[in-house]
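Novice: Read top to bottom, the protein sequences are chains A and B.
If you use the numbering used here, the first sequence corresponds to residues 20 to 605, in order.
If you use the numbering used here, the second sequence corresponds to residues 20 to 605, in order.
Each hint should be verified, as a subset may be incorrect.
Copies of one chain are not kept apart here, so a pair can be met inside one copy or by any two copies together.
What the hints assert, rightly or not - Here are the simulated lysine to aspartate or glutamate pairs, DMTMM-like style, with alpha carbons at most 20 angstroms apart: (1) LYS332 x ASP193; (2) LYS344 x GLU525; (3) LYS200 x ASP491; (4) LYS350 x GLU187; (5) LYS167 x GLU178; (6) LYS78 x ASP223; (7) LYS570 x GLU101; (8) LYS510 x ASP223; (9) LYS522 x GLU258; (10) LYS78 x GLU268; (11) LYS344 x ASP526; (12) LYS510 x ASP193; (13) LYS173 x ASP256; (14) LYS167 x GLU500; (15) LYS94 x ASP193; (16) LYS70 x ASP256; (17) LYS332 x ASP599; (18) LYS200 x GLU178; (19) LYS493 x ASP206; (20) LYS78 x ASP97; (21) LYS350 x GLU507.
Keep in mind that the hints were calculated from the coordinates and are not lab data.
Note that the structure is a prediction, hence the values are computed from the model and not measured.
Protein chains: 2
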Amino acid sequence: MDVYKPPIRDMLFNMKAFGYTERVASLEAFQDYDIETALMMMQSTADILTKELLPLNKKGDEIGVSWDPETGDVKTPDGFREAYQTLFNNGMIGITGPVEYGGGGCPESLGVALGEMGTAVNKSFAMCPGLTRGLVDAIAHHATQEQKDFYLPKLVSGEWSGTMCLTEPQCGTDLGLITTKAVPDGDGYLISGTKIWITFGEHDMADNIIHFVLARLPDAPEGIKGISVFVVPKFIDGERNQVRCTGLEHKMGIHASPTCVMEFENAKGWLVGEENKGMRSMFTMMNAARLHVGIEGISLSDISYQTAVAFAKDRRQSRSLDASKSDPDAKADNILVHPDVRRMLLNVKASNEAMRSLAMWVAVEHDVSLNHPDEQTRQEADDLVALLTPVIKSYFTERGFMNISESMQVLGGAGYTTDWDIEQYMRDERIAMLYEGTNHIQALDLVGRKLPRKGGRLMQLFASRVTDMIRDNKEVEAMAEYITPLKELSKLTTGITMELATKGMEDPEIAGAVASNYLNLFALLALQYANCVVARYAIDNPGSESDTKLKTIRYFTTCILPEAQAYAAKIATGKANLFDFDVDEF
Amino acid sequence: MDVYKPPIRDMLFNMKAFGYTERVASLEAFQDYDIETALMMMQSTADILTKELLPLNKKGDEIGVSWDPETGDVKTPDGFREAYQTLFNNGMIGITGPVEYGGGGCPESLGVALGEMGTAVNKSFAMCPGLTRGLVDAIAHHATQEQKDFYLPKLVSGEWSGTMCLTEPQCGTDLGLITTKAVPDGDGYLISGTKIWITFGEHDMADNIIHFVLARLPDAPEGIKGISVFVVPKFIDGERNQVRCTGLEHKMGIHASPTCVMEFENAKGWLVGEENKGMRSMFTMMNAARLHVGIEGISLSDISYQTAVAFAKDRRQSRSLDASKSDPDAKADNILVHPDVRRMLLNVKASNEAMRSLAMWVAVEHDVSLNHPDEQTRQEADDLVALLTPVIKSYFTERGFMNISESMQVLGGAGYTTDWDIEQYMRDERIAMLYEGTNHIQALDLVGRKLPRKGGRLMQLFASRVTDMIRDNKEVEAMAEYITPLKELSKLTTGITMELATKGMEDPEIAGAVASNYLNLFALLALQYANCVVARYAIDNPGSESDTKLKTIRYFTTCILPEAQAYAAKIATGKANLFDFDVDEF
């Protein structure tokens with residue numbers, strides 16, 4: 020059952036609240052993207068996506084992808100290739116790509132909104148252009164001008180698609196263990212090795228596939244300091260390169276997204292960037308990707324929520340606990356009279372909207388970080404993006420998964436059937452906690468790299484934003500109910516952060532042990548900060564939409580924010596008795 | 020990948036800790052079931068189950084069940100019928116059934132252990148004898164002697180299987196809306212109507228299927244006071260009755276368990292119990308079932324945990340944060356050196372073992388409630404079972420689901436593939452939060468029925484058990500670390516319960532709004548009580564197993580129990596702004 024109305028009104032509300040016009044559209048790079056244009060683009064994109072991709076979503080799950088062992092070819096479900104062509108013809112794939120290579124050059128603050136819709140209507144499909152986008156970033160940042168001129172126009176338009184070839188059977192998280200080899204050959208290299216879990220490693224939607232491959236040069240140092248990165252096209256001048264899909268993974272979900280085993284046998288490739296500095300390029304690709312993976316949590320949580328609301332508005336079961344709310348003309352009341360149905364729906368709605376707000380904030384900072392004329396302003400924005408990206412990737416995907424489960428619960432047994440699709444959203448979403456760096460890797464990135472970076476400058480900057488918020492709203496009575504909890508949570512988090520800085524330095528295992536809970540605590544603080552930005556905008560711009568928004572933020576503040584207490588209590592246990600257990604006691 | 024070793028040692032440990040020998044085996048009904056016999060039965064059952072059912076589990080998921088639209092017949096996956104016969108031939112289906120009808124008459128405290136294994140190795144399969152067991156209980160309690168003599172021998176042995184036919188398209192939770200009709204006809208009734216979500220409503224494993232059907236007599240009062248219950252056999256004297264499967268649901272999981280739409284068209288049936296008193300019989304069936312549905316959470320959480328441990332012990336990735344733990348002979352360390360891997364595994368292990376302990380306690384009380392010579396003792400035991408059954412059903416299934424997700428996380432991307440089966444366990448488990456009364460229905464049962472029952476006597480009894488525990492361990496120094504948090508949580512919960520009793524009386528919507536969080540809070544208290552029983556036994560019986568057990572309980576106490584704080588904070592919000600939202604604001 021296709022229940023999805025792209026949440027354009029909420030997205031627009033956020034854009035306004037986070038100062039899209041003043042902070043983004045005012046930048047020279049985005050002079051063509053005033054807020055009216057952004058709205059029009061959201062609407063037209065929403066129309067095409069819901070028309071072309073939403074109807075293919077369930078079919079894609081049922082049919083899945085198929086692999087031909089003879090040729091190594093992979094066939095996507097019926098309709099996918101045609102839909103891809105439609106998006107390509109409408110210039111939708113390159114919408115965020117660089118203008119100088121034919122892209123739309125649209126700001127990320129619009130990109131996150133479009134990305135959210137794309138994943139909601141068809142996550143499997145959306146992964147293909149999503150990965151290409153990552154490759155475009157990496158090439159734009161690290162390749163030679165010649166390489167850019169050759170690859171970017173076709174990758175930006177979507178005529179060609181891109182992959183990330185990192186994982187090997189013996190290494191996922193720990194890329195230092197990579198063994199794929201690259202041997203110099205003429206103007207390039209010959210690449211040999213096996214890569215696994217390669218999303219859209221082989222498929223029939225684009226005319227060529229450009230693999231971005233981590234490999235080692237013959238005399239490379241051990242570990243991650245000896246990794247270089249290469250572009251390896253599927254076709255070179257129309258000739259097939261020696262790279263081939265040798266199998267597909269069978270997975271819980273994203274059945275329409277091929278997860279390939281890729282075999283490189285003396286495949287021709289070209290170095291991107293410097294020798295042994297491949298991790299740098301890969302991180303460019305991964306950071307952009309992590310923000311969007313986080314947003315996947317919002318996408319599937321929202322479509323699940325909308326499905327649950329549609330069910331709830333229709334379903335009648337039992338009587339209201341408050342007789343005055345009962346419908347005398349029916350044998351049972353609509354289930355929205357039941358407090359727990361509302362509780363479940365509001366848990367999802369309130370957390371989802373808060374996540375959407377935080378994502379918008381980070382997207383705005385992203386745009387500023389790359390395009391603002393002032394270096395200091397760029398740097399501060401970049402610091403905030405760096406700090407918040409792992410938080411978004413991890414918290415949003417975990418919360419998104421729980422939200423989908425809670426949405427399913429609203430439907431009772433019906434939610435478990437394939438009739439209502441939530442079960443597919445749950446299966447499709449679950450991978451987001453695992454790929455692009457597992458959620459704990461995000462937590463280690465936050466605690467081990469982002470917090471200590473530059474003597475704690477990132478966190479200090481974030482804290483100063485919170486302090487400013489508190490100060491700026493001191494006299495605004497209507498803000499007190501949101502600001503007071505922000506202040507308390509900020510105090511709690513600051514204390515814990517200081518303690519963690521000390522303890523974690525003394526014993527890195529403590530930092531590792533508490534990192535995941537710390538990330539969740541910090542996420543709640545960041546979400547409440549974003550909520551306060553939006554609440555203030557709502558108060559300053561009264562109306563029915565603002566009324567609903569304030570109620571929603573009030574629900575988050577009173578009923579979700581208290582989860583911070585459990586995280587704080589768990590963090591306080593440090594590494595507790597984690598290491599008291601011998602291996603054979605597990 | 021079949022990774023499962025039935026946790027017999029832990030089950031036996033619990034049986035001893037909860038006084039199986041003194042409290043259960045000493046009862047006349049269980050004189051054949053001393054603890055050595057119980058252990059032997061667990062071992063032989065474990066052998067058969069892992070040999071016969073575990074290898075069919077994944078196949079069953081892949082193949083699923085098929086339905087013939089011509090005949091209405093349902094075919095279970097290859098091997099299921101044969102496995103059922105093997106269990107039948109070994110007398111395993113009737114192991115907990117009443118002795119006077121050919122059952123083994125084994126105590127429930129052994130039954131929960133066997134049930135846990137059965138669901139772990141093959142949940143879909145286990146649902147069939149599970150439902151039959153419920154029907155046996157209902158007939159044994161409510162049917163005439165003649166009916167008992169006719170149905171029970173074949174249901175107990177498993178020659179025939181049973182169903183529960185409650186749900187109709189317009190009613191799940193609210194059974195008062197049932198419209199299926201029963202019209203007197205000769206010595207019985209003719210039943211007509213459509214029932215949905217009928218587990219094993221049609222299948223090929225047993226020779227006959229006895230449907231237990233809720234329906235209305237012609238002049239029955241409206242609502243649940245006009246519901247009667249009937250037995251409707253598929254075959255009567257070898258002739259096909261007018262009941263037929265008209266379709267199967269397509270579901271997220273339990274693919275090998277047919278979920279049937281059943282059409283009754285003047286099907287011959289016989290009344291069980293009194294006219295219009297059908298809900299009473301149905302509740303007998305449901306209460307027994309709810310305990311076992313709760314245990315499904317333990318089953319699939321445990322097999323997921325064991326899978327994650329097997330993976331973790333094999334996998335090497337990255338270096339230990341503590342260099343002294345690094346393995347110099349390898350390029351990476353085993354992932355069990357990483358604190359977060361341990362944290363995830365211990366979250367699952369500690370919560371799972373606590374749940375297993377609590378289930379054992381309730382099972383022992385169940386046995387006492389039905390078989391103790393002293394009425395007062397029976398009554399007290401019955402009160403505890405009544406109070407704790409909804410807690411077990413709801414908390415265990417929700418926690419079980421989260422535990423499976425956490426186990427999956429340990430495997431990284433591999434956990435998402437079908438190679439490791441955890442994704443199946445997650446899909447199979449999710450339904451347990453929905454069926455046998457959604458989890459919120461359990462919470463309403465706890466808050467709205469069990470707490471106020473008999474002037475709060477059930478809760479007072481439970482509280483006195485906690486008080487006794489605190490008093491009895493006052494001088495036991497080694498118990499302090501478990502008892503102090505029990506005491507604190509008990510105080511917190513008591514305060515909240517008192518407040519809820521007042522507020523909930525004034526405004527039932529508040530009771531409804533906080534019920535689910537209250538149930539979770541109460542569950543943590545009950546789990547910690549069970550932990551204390553087991554910890555005391557471990558302290559009194561030192562050894563390596565007791566050492567590990569104490570570490571595990573310590574982990575629960577320090578790292579899981581703090582979750583109570585978030586539940587308490589959420590409960591404090593009452594119905595907050597739940598009802599501020601108009602229907603169109605969702």
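Novice: None of the hints should be skipped; say for each whether it holds.
Specialist: For each hint, the structure was consulted:
no. : hint            : verdict
1   : LYS332 x ASP193 : between (48 angstroms within a copy, 16 angstroms between copies)
2   : LYS344 x GLU525 : between (59 angstroms within a copy, 16 angstroms between copies)
3   : LYS200 x ASP491 : neither (57 angstroms within a copy, 67 angstroms between copies)
4   : LYS350 x GLU187 : between (60 angstroms within a copy, 15 angstroms between copies)
5   : LYS167 x GLU178 : within (15 angstroms within a copy, 72 angstroms between copies)
6   : LYS78 x ASP223  : within (17 angstroms within a copy, 31 angstroms between copies)
7   : LYS570 x GLU101 : neither (43 angstroms within a copy, 58 angstroms between copies)
8   : LYS510 x ASP223 : neither (53 angstroms within a copy, 63 angstroms between copies)
9   : LYS522 x GLU258 : neither (57 angstroms within a copy, 76 angstroms between copies)
10  : LYS78 x GLU268  : both (19 angstroms within a copy, 17 angstroms between copies)
11  : LYS344 x ASP526 : between (58 angstroms within a copy, 13 angstroms between copies)
12  : LYS510 x ASP193 : neither (35 angstroms within a copy, 47 angstroms between copies)
13  : LYS173 x ASP256 : within (14 angstroms within a copy, 74 angstroms between copies)
14  : LYS167 x GLU500 : neither (52 angstroms within a copy, 63 angstroms between copies)
15  : LYS94 x ASP193  : neither (31 angstroms within a copy, 46 angstroms between copies)
16  : LYS70 x ASP256  : neither (35 angstroms within a copy, 56 angstroms between copies)
17  : LYS332 x ASP599 : between (52 angstroms within a copy, 16 angstroms between copies)
18  : LYS200 x GLU178 : neither (29 angstroms within a copy, 63 angstroms between copies)
19  : LYS493 x ASP206 : neither (64 angstroms within a copy, 80 angstroms between copies)
20  : LYS78 x ASP97   : within (8 angstroms within a copy, 27 angstroms between copies)
21  : LYS350 x GLU507 : neither (47 angstroms within a copy, 45 angstroms between copies)
Violation of the numbered hints given earlier is confined to hints 3, 7, 8, 9, 12, 14, 15, 16, 18, 19, 21; the remaining hints are satisfied by the structure.
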